[in-house]
Amino acid sequence: MNTSQSIAAMTIEELQSRCLQLEEQCMQLEQQNAELTAKLNWFMEQFRLNKRRQFGFSSERTEPLKEQLLLFNEAEAEARPEAPEPDWETITYQRRKGRGRREMNLEDLPVEVVEHRLPEEERVCPCCGGPLDEMSTEVRQELKVIPAQVKVVKHVRYVYSCRRCEREEITTPVVTAPIPAPVLPGSPVSPSLMAYIMTQKYGAGLPLYRQEQQFKGLGIELSRQTMANWVLHGANTWLALIYDRLHEYLLTRDILHADETTLQVLQEPGRKINAMHP
Numbered sequence: 001m002n003t004s005q006s007i008a009a010m011t012i013e014e015l016q017s018r019c020l021q022l023e024e025q026c027m028q029l030e031q032q033n034a035e036l037t038a039k040l041n042w043f044m045e046q047f048r049l050n051k052r053r054q055f056g057f058s059s060e061r062t063e064p065l066k067e068q069l070l071l072f073n074e075a076e077a078e079a080r081p082e083a084p085e086p087d088w089e090t091i092t093y094q095r096r097k098g099r100g101r102r103e104m105n106l107e108d109l110p111v112e113v114v115e116h117r118l119p120e121e122e123r124v125c126p127c128c129g130g131p132l133d134e135m136s137t138e139v140r141q142e143l144k145v146i147p148a149q150v151k152v153v154k155h156v157r158y159v160y161s162c163r164r165c166e167r168e169e170i171t172t173p174v175v176t177a178p179i180p181a182p183v184l185p186g187s188p189v190s191p192s193l194m195a196y197i198m199t200q201k202y203g204a205g206l207p208l209y210r211q212e213q214q215f216k217g218l219g220i221e222l223s224r225q226t227m228a229n230w231v232l233h234g235a236n237t238w239l240a241l242i243y244d245r246l247h248e249y250l251l252t253r254d255i256l257h258a259d260e261t262t263l264q265v266l267q268e269p270g271r272k273i274n275a276m277h278p
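Counting with the UniProt record's numbering, you get residues 1 to 278 for the letters of the sequence shown.
Read the hints as simulated data drawn from the structure, not as lab findings.
One or more of the hints may lead you astray.
Pairs of lysine-lysine residues, derived as BS3-like cross-links and limited to a Cα-Cα distance of at most 27 angstroms, are as follows [said to hold, decoys possible]:
| id | residue 1 | residue 2 |
| --- | --- | --- |
| 1 | Lys144 | Lys201 |
| 2 | Lys39 | Lys51 |
| 3 | Lys201 | Lys216 |
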């Protein structure tokens, strides 16, 4: 018996029961389909995010990720054996400049002089045994980098009172020494630390999570969330004063020039090109 014959042989009650069964099965299938669709969308989103991390742009990076593929082999990729060493102006008997070298200006840098002398007992002529006298010097210059140093600055504020007034039972005046106001009340952040974090992030392009790792290497547990709060406070409280002053000055000008070049911040489908204003 085929399906049409079996349906024709059913009573009205059996047909109604069959319809209810089919409706229940349909609802179950729709629910399964919705769950599978949600899982598919989740996996597609994960795939898109992974693809973006590998090939796209990040909001905290200033260069394409493909330029960072040689991050750990940067020295090998950028090395040029034929590139000349930079030449410094060393004043001895005459000024010498190597051909093809680019001169570095070190006049504004502090100079640390390290003298290398023979010990007194070694200043003996190997020929006659007489004393050796200084004849000239040879100078070699190096660039020395002092790593970042972090220290605790403890502000001790002294309070003064008049002992004479105390002895004579007169109202004793209390005088407190002035102290610089904190850049953020109730926080250990100093102006130098706040400026350092902001300069590293916006000047050197170093994200906060990278700075968090650097501070951890110095033995300081400083979360990126805390640094983000400091950056926002510094911008909204202190840098805003400079911004407002510049804004007031600009409003006094008759003509203003602006660079309205558009910039694609993130290479994403459907994202509009933004106009960046200095």
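Exercise. Given the hint that Lys201 pairs with Lys216, does the C-alpha gap stay at or below 27 angstroms?
Worked result: With a Cα-Cα distance of about 17 angstroms, the restraint between Lys201 and Lys216 holds, given a limit of 27 angstroms.
Exercise. Holds or violated: are the alpha carbons of Lys144 and Lys201 at most 27 angstroms from each other?
Worked result: 24 angstroms, holds
Problem set entry | Hinted pair Lys39 and Lys51, Cα distance within 27 angstroms | 18 angstroms, holds
When held up to the earlier numbered hints, the structure conflicts with none and fits them all.
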